[in-house]
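Undergrad: What follows is each chain in one-letter form.
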Amino acid sequence: MTTLLNVKDLRAYYGQVQALHGLSFSLNEGSLTTLLGANGAGKTTTLRAICNMVRSTGAIEFDGKPLNNRSTENIVRFGIAHVPQGRGTFTTMTVEENLQLGAITRKDSAGIVSDIERMYAHFPVLKQRHTQQAGTLSGGEQQMLAVARALMLRPRLMLLDEPSFGLAPLVVRDLFGILGKINREDKVSILVVEQNAQLALELADQAYVIETGRIVMSGNAKDIANNEEIRKSYLGY
Amino acid sequence: MELFTNQVLAGIATGAIYACMALAVVMIYQAIDHLNFAQGEMAMFATFVSWQLMQWGVPYWGAFVITLVFAFVGGVAIERILFKPLAKAPVLTNVAGFIALFAIINSSAGLIWDFTIKQYPTPFGSSPFLGSQLISTHQAGMIGVTVLLLIGLYFFFQYTRIGLAMRAAASVPESARLVGINTSWMIALGWGMASAIGAIAGMLIAPVVFLEPNMMGGVLIYGFAAAVLGGLTSPFGAVVGGFLMGIFENLAGTYIPGVGNELKLPIALALIISVLVVKPAGLFGRHIVKRV
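Chains as they are written, first to last, in the numbering used here: chain A, 3 to 239; chain B, -3 to 288.
Worth flagging that the hints you see were computed from the coordinates, not collected in a lab. Each residue gets a CB set at the ideal place from its N, CA and C atoms; glycine is no exception. There could be a bad hint or two in this list.
What the hints assert, rightly or not - To give an idea of the chain B side of the interface with chain A (calculated C-beta under 8 Å), a few residues:
1) I28
2) D29
3) G121
4) R157
5) L160
6) S167
7) L174
8) G176
Using the sequences and the hints, build the whole thing.
TA: And the structure:
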């Protein structure tokens, strides 16, 4: 198994405040890895640091190439799609335009058209609403749209920041089912940050637990889920 | 009745110019959240460039096209040199930047071409349009060019990838970067386009207001009024606001006793304030709720 993403000694700062204190982890090609941790542990910051949306030091390598000092929009071109917290919907634009924007760096117009159809097959509700303003969609639908928009890049790695946030439990199940399918069938590696540890561990194969900007635990998702001590002290269920 | 029709048509003609200026202002406002006070001066300078080209013997439409290119490049350059470094600066710093730009362009134009009033040619002539006494060919030309421009812009923003990317960059910059759009250059492109749109407005209105460094002062105020009336968040609203403003200005000048030509401008300012009081987001604008 080859390593797709390798993060070493990552330190991130918001102004004078340090949010990550030398965090290291790696993600294998084809894997679905989850980063778990409480509020403020540094999960979102880790994802933002990978896309250079926050000031950071340390080494971030994607497929053997360093990502440091590249702009966010250039990092996307490596095939890294980031679904941000809060979904980042282009609310004033139509659903279809949102999908087209996901593919804005691609040049193959025929491929884009067929990928939009593929997304409608994954998420039928988006097809029903393709001419609607994206801001009028429900939270769950917007999350579907955000995932679909990210997939339009044909990414090699997808970063998901709390996809379950604010969604009804049934919708979350649905969404996670689709994520698993995308991971298996489309061979997209996924790094998902979650507060809903139970669900994330069911879905993932690898897991890391962050506490105050450091990795405190790592391993096979099943092992972590079965370890009562870790569950109680770090994951709260 | 003929007076009324005449005033409305003339209002649509000047309204077309206000619509262009309002649109230019809104484009930059959408991109950087600031009002470009120097929009009119940029347009004036471009108009002078076209005049200079014609003085050197370039035919009207040749000068028109060269000036558009000049205005576009100039707009991009102003953004890169002056406003990109100010992107994260406080509002007042930006305002100071715009005022500086205003003063620099205004004085440079005065220095190069002096402050005497110059005639500016019209390619359309000024005979009655299609034999009708209601509107002149130049007024018809102003409307025609503006309508073509608006249709072109509509297709650009609605149906091209770069137009889509520009809209995305203006509406949710962070998400735009996350799909791989270089938002910084999209802002520069917006400046270039706004500057070129302003140049068109300047070249079309110059035969009416005559060419001099302060020619766009009044026009820009009407443009601002139009943008506020239509809503600063809505390009469509800005255009409608421009046409309404032109018609309103003419009808007020004709029918309200004592207004005449002199008080038309204060009426525009009064309109800005009334709209802001009654409908702060403008006729077509969206209410922006900001979390603080």
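Undergrad: A closest beta-carbon separation below 8 Å is what the hint needs, so does L160(B) meet it against chain A?
TA: 6 Å, holds
Undergrad: Have a go at the S167(B) hint: is there a Cβ in chain A nearer than 8 Å to its own Cβ?
TA: This interface hint holds because 5 Å falls under the 8 Å limit.
Undergrad: For the hint on R157(B), does the least C-beta distance to chain A fall short of 8 Å?
TA: 6 Å, holds
Undergrad: May I ask you to test the interface hint for G176(B) with respect to chain A, counting a Cβ-Cβ separation under 8 Å as satisfied?
TA: 4 Å, holds
Undergrad: When the nearest CB of chain A is found for D29(B), is that gap smaller than 8 Å?
TA: Since the shortest Cβ distance to chain A is 16 Å, the answer is violated.
Undergrad: Quick one, is the G121(B) hint okay against chain A at 8 Å, beta carbons?
TA: Result: violated, 43 Å to nearest chain A Cβ.
Undergrad: Closer than 8 Å between Cβ atoms is the bar; does L174(B) clear it against chain A? Give me holds or violated.
TA: Holds, because the Cβ-Cβ distance from L174(B) to chain A comes to roughly 5 Å (cut-off 8 Å).
Undergrad: Hint I28(B) vs chain A: min CB-CB distance below 8 Å?
TA: Interface hint status for I28(B): violated (17 Å vs cutoff 8 Å).
In this structure, the hints that do not hold are numbers 1, 2, 3, in rising order.
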